[in-house]
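Respectively, the protein sequence lines represent chains A and B.
For the first sequence, numbering that gives the first Met the number 0 assigns the number 0 to the initial residue and increments by one for each residue that follows.
For the second sequence, numbering that gives the first Met the number 0 assigns the number 0 to the initial residue and increments by one for each residue that follows.
These are computed hints drawn from the structure, not numbers from a lab.
One should not assume that every hint holds.
[Unchecked claim] Not close to chain A: a few residues of chain B, all C-beta gaps over 10 Å, as computed:
id, residue
1, 50
2, 96
3, 116
4, 294
[What the hints assert, rightly or not] Taking lysine-lysine pairs in the DSS-like style, the calculated list, with each CA pair at most 30 Å apart, reads:
id, chain 1, residue 1, chain 2, residue 2
5, B, 438, A, 45
6, B, 82, A, 429
7, B, 438, A, 368
8, A, 368, B, 48
9, B, 231, A, 788
10, B, 231, A, 815
11, B, 225, A, 707
12, A, 826, B, 231
13, B, 55, A, 112
All residues carry an ideal CB built from backbone N, CA and C; glycine is no exception.
Listed here are the chains, written in short residue letters.
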Amino acid sequence: MMTPMVQPFRLLGWSVLVLGFCGAAFAQSRDAELFEKEIRPVLVEKCYGCHSSKLRAPMGGLVLDTKAGLKSGGNGGAIVVPGDPAASRLLKALSYNDTDLRMPPTGKLPDEKIAAFAEWIRAGAVDPRTDAAAASSAPAPKRGMDIETGRKWWAFQPVAPVAAPHVRERRWPKQKIDYFILAKLEQNKLKPSPVADRRTLIERASLDLTGLRPTYEEVQAFVSDKSPDAYPKLIERLLASPHYGERRGRYWLDVARYGEDNPTSEATNPPYPFAWRYRNWVIQAVNQDVPYDRFVKLQLAADQMPNVQRDDLRALGYLGAGPTYHKDARLSRDVIETLYTDDWDERVDAVSRGIMGLTVGCARCHDHKFDPILTKDYYALAGVFASTVAAPRPIAQVDPATEAKFMDTAQRLFFLSYVANLMHNEPGSKPEEAAKKSVKYTEEMYKVRDSMSSLKETNPELWAYLDRLARAPRLTPSAPKPPAPAASGSAPAETAQAPSAQPKPAAFPSRPPRRPAVSNEPFMQSVFDAGVWVDGADPDLTVPQVKPGVPRDMHILPHANVAAPGALAPRAFLTVLSKGDKRFTHGSGRIDLANDIFSDAAPLAARVIVNRVWAWHFGQPLVNTPSDFGVQGERPSHPALLDDLAARFIASGWSLKWLHREIMLSAAYMQSSHPRADIGDTDPTNRLLWRMNPRRLDIEAYRDNLLKATSILDESMYGISVDLDAPENHRRTVYGRVSRGRLNTLLALYDFPDPTMSAPSRDLTTSPLQQLFVMNSPFIEDRAKELVKCAEADPDPSAKVRAMYRRLFQRDPDPKELDLALSYLDKAPPEQYAQALLATNEEIFWP
Amino acid sequence: MIDPQPLSRRNWIKSISGGLGYAGLLGMLQDEALRAAPAPTLAGAAVPKFPNFPPKAKHNIVLFMVGGPSQLDMFDIKPSLLKYQGQRPSSVDLRTERTTGGLLPSPFEFKQHGQGGVYVSELLPNLATVIDDICVVKSMYTFNPTHTPARSLFHTGNIAATRPSMGAWISYGLGTENRNLPGFVVLSPGPGGGGLARSGFLPAKHQGTYFDDSFVEPDKMIRYLKNTELDKDTQRRQLDLVQALNRDHEQQFGQDEFLEGRIQSMETAYSMQFEATDVFDIRKESEAVRAEYGDTPFAHGCLLARRLVERGVRTVHVYYGPGQPWDDHSHISRNLKQRCPDMDQASAALVRDLKRRGLLDETLVVWGGEFGRTPVSESGDGRDHNPYGFTMWLAGGGVKGGMAYGETDEFGFKAVENPVSIHDLHATMLNQLGIDHTKLTFRYAGRDFRLTDVYGVVCKDILA
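Use the sequences and the hints to build the structure in full.
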């Protein structure tokens, strides 16, 4: 703009000089005004968030808060061509006409703003800023807490026992917990509730620790046992019950997003037929009170820990049966790579929210906007999962080298068989090429399989498994002539015959059936260390490259865009939590991650699990956001209590049974749950625990107790998953199959959490569809009939009614209830009456 | 003429009040204003109440053509396909995920229809008659070329198969108008619906309830709807006993939200048995109306969708399934000739019927699939997936009729003029329901989530 203005002055002398200069100055100031009035406010409000010199990695390498940045543009070159709006990419982006380039991403600007940008560019795109000033005056983009401040965040501080606070009512506390609870109540001028009646106590504790109500006789014995240690003895008995693991293990499975298949379960992400072995491991480990730190470490890295029993390798199902997305090999490299990064993201999310109470996933696209978590930290963790591959592992001990080879071969055969079939069955419009590829991959598949043929002798069940994975393409009437399989003669008989079988619709060669969704073959869902890369050399077929023993460090992917990788983010622990060297050096780094969580981040991990266990006991956590202990999470209602409990929990050797005792023997836990008129508006949501929280039973306890009431509950433990809808399935609900794609309707009806992601807590809703189940389902009708049968031996209607009450409610009916019963039974058959009892609130209530 | 006495909402309430339990009716009337509990926002303030401006539409119906229907054979007329038949012009990068051949012209004849002169192909003679109530958006685009992620994107705004469905978001924002019926209903023949109706991180009560519309008998569509052993009066007596016991129990325990809620919920369930038996029974429609829609699962779904929105259901998704029938990688002309007639008849009947009953103004109808198809051939006589440019249409709910909006390129491959993304579509749908899509948020895993993520622009050009 200056240049054409200056030149006339040389030619025409002073007057023109003055005029010209004035004109230039005028134009300058007018254009500057345009910038200040129309352009800069939009840049500040809409653009600096991603395009600021203050960001570590501005999006697209574009910086708009400096004059130099605006002028030079980003990775794609200049964005403004002064004087030529049509040629300026900035205007193209603003106009929203190009689907690949639309800015700002939050929505198109109003037309008059876009016009202002066009006008500003046309006038030469004057930018009156001076960079020093611009940089200092621009408001800083929103960003999270810096690392140094972050290290002081409450949830990351070391935990140590806290002295019990002073209380006035010194007779109330039974456990240290109670001093903290009572002190807060007294501060708020509230009194705790009286202790619950004995029947409620034994019901509450039994449901809490085993998910099963006590029998009438057990209640009677407890009610009449006046010895001071009757209640502690009850808690010990319940903790020792094998049903304890079934109850408390299921709570963990909510956090571990346990499922036995994938949300979509397509060709490349079929069900996990051995996932149930992971579930059984959880139940067993909880029963054995495996220290919580070891319990978690085994789930992350059992294959890399010393002194691990073979059985404990089942723990790796936590990773090996994690949700995975379908990857159609015909998609481009970028799409496939994105799908892999989504899988890894799922693992980062499950581990960080589930175990550390941190929303590390928020840092995938940019540094965390609130918490001291960098994008670099995110990719440093994601790299661990980019270096971890799922594969089945044999149950029986085999030598490590064979096992490693088996697992790698299994995942390779799976992929080779998939692409060989894909190219054969869906050849697209390059049928010749597809046929060639199908042959090539079929040959490779057999070659890979045959490289393991020594297993035939040594480990026939491993061989059988691999042999079944090697599924050659089959003939279909519409498909072109199938490729000849490997000429080596090593193909199994049925495929060797395939080429000679003419495509007659009636004469398909039979193939091994698809793998069942649930299987008791001797394998477990597991993982092994191998880096995964995506090979896009063939534009028509994208192939993953799995390199056993070679870990993969990821590059930072700003905005999670795989096409624009940034700096390398070596595998490492979260910066803010690390005490020393945070790099991961052992294999994938799973073992380093597990160790760091329970050393550097131990206080956080302890607080998170203590808060979860507290919530499972009281129906309400101390920290209301159990999977988010970050800045956006809530502060604890009783911080000193949480810290004290976490410190002593660690000192107990991370014993969950210790924690249950500590909580369940407290006066706070033993309170009655009745509502109280004197509370008023002081604490209507019971944050201060002036009473126990009454609850609705979850689906597991509800279904199990309906079965138990009529003595039909199958209490055998462990074993394979069973369909919950099968009428003959009388096993505990925890053994029902959990599908991520098609969640069982009964589970869904009663708020079972979505098993595709780690669940912080469960909803407990009440809906008419639940009541339709209660009123009309064969399940309830069957229970009603059984209940009548159970009371068959009782001589008269009153005795029958009493027998039913004892089975369902562990008490006798009161005179009014008996009256209602007898007058109802006068006119209706006993099954109708039994069903009414099954439908009552009392049956699903947990006081 | 077809239905001489169309039922207005008020008449309908009158007509059922005799047979409906007091609590059910009361619940329904109260629920006119019922909505979800507000969640805290970033600043800790309560979420604004929805609708946050006067809504054009109270209900929405999505007709979902699973598999990706071909825009080039139905709405997006492209003479260049014939002109350059079999060629691959270099002016457009026509590459998609699979290998494709040359340009494949549509064998179907296109004509302009209605006052607006919108082009419709001969495959859709019935939709052509109601085209003046329809806005054909020819410039849709999406971000993923594969069925599952693209479908997920259409239904949840994200390719990850974990996010809440738009129906769940709408239920979360607006609540339900009729507590006796689910607020979000999915109708699909055979196994289907599945995860696309999930509530994800939203409270579970917002999840879609799936019904199999290959049945016409309500008790086959709705699990446990009917008691096979007890008649209505016997069951009422049984329920009276349950409630008497419940009342005594609550009196002893003390006032409790859950205990009270379940007592109410039992009453609702009781009346729902009879109400749903009526609402879900399309056989209660006149012969003429049933004939107008047709007698296929999709026709049942469309007719049932009308009955449901009439009774206050907020969102109904009707799947044209089972499986993904519109995925025509080969034999596309033959397949479309088989599939279009019932789709055309039923969708057109729905628009016409809604209008006749005065419901079209308050019901937004959206038709489309997860993506469209390529102008070039696959396997000789098929078309590959095309996420870059495809057609959807909208009707009612304050959307302009008789209008075609946006353009694809010369060959119908990529949206070039007024492109509309899936997020834009969601933003527009929410807008018509009275919701500012940037304000409909839910705090989860440390941040506020939206159906439209950080995207979405309301497409004002198509609004009346």
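- Report the numbers of all earlier hints that the structure fails to satisfy, in ascending order. 2
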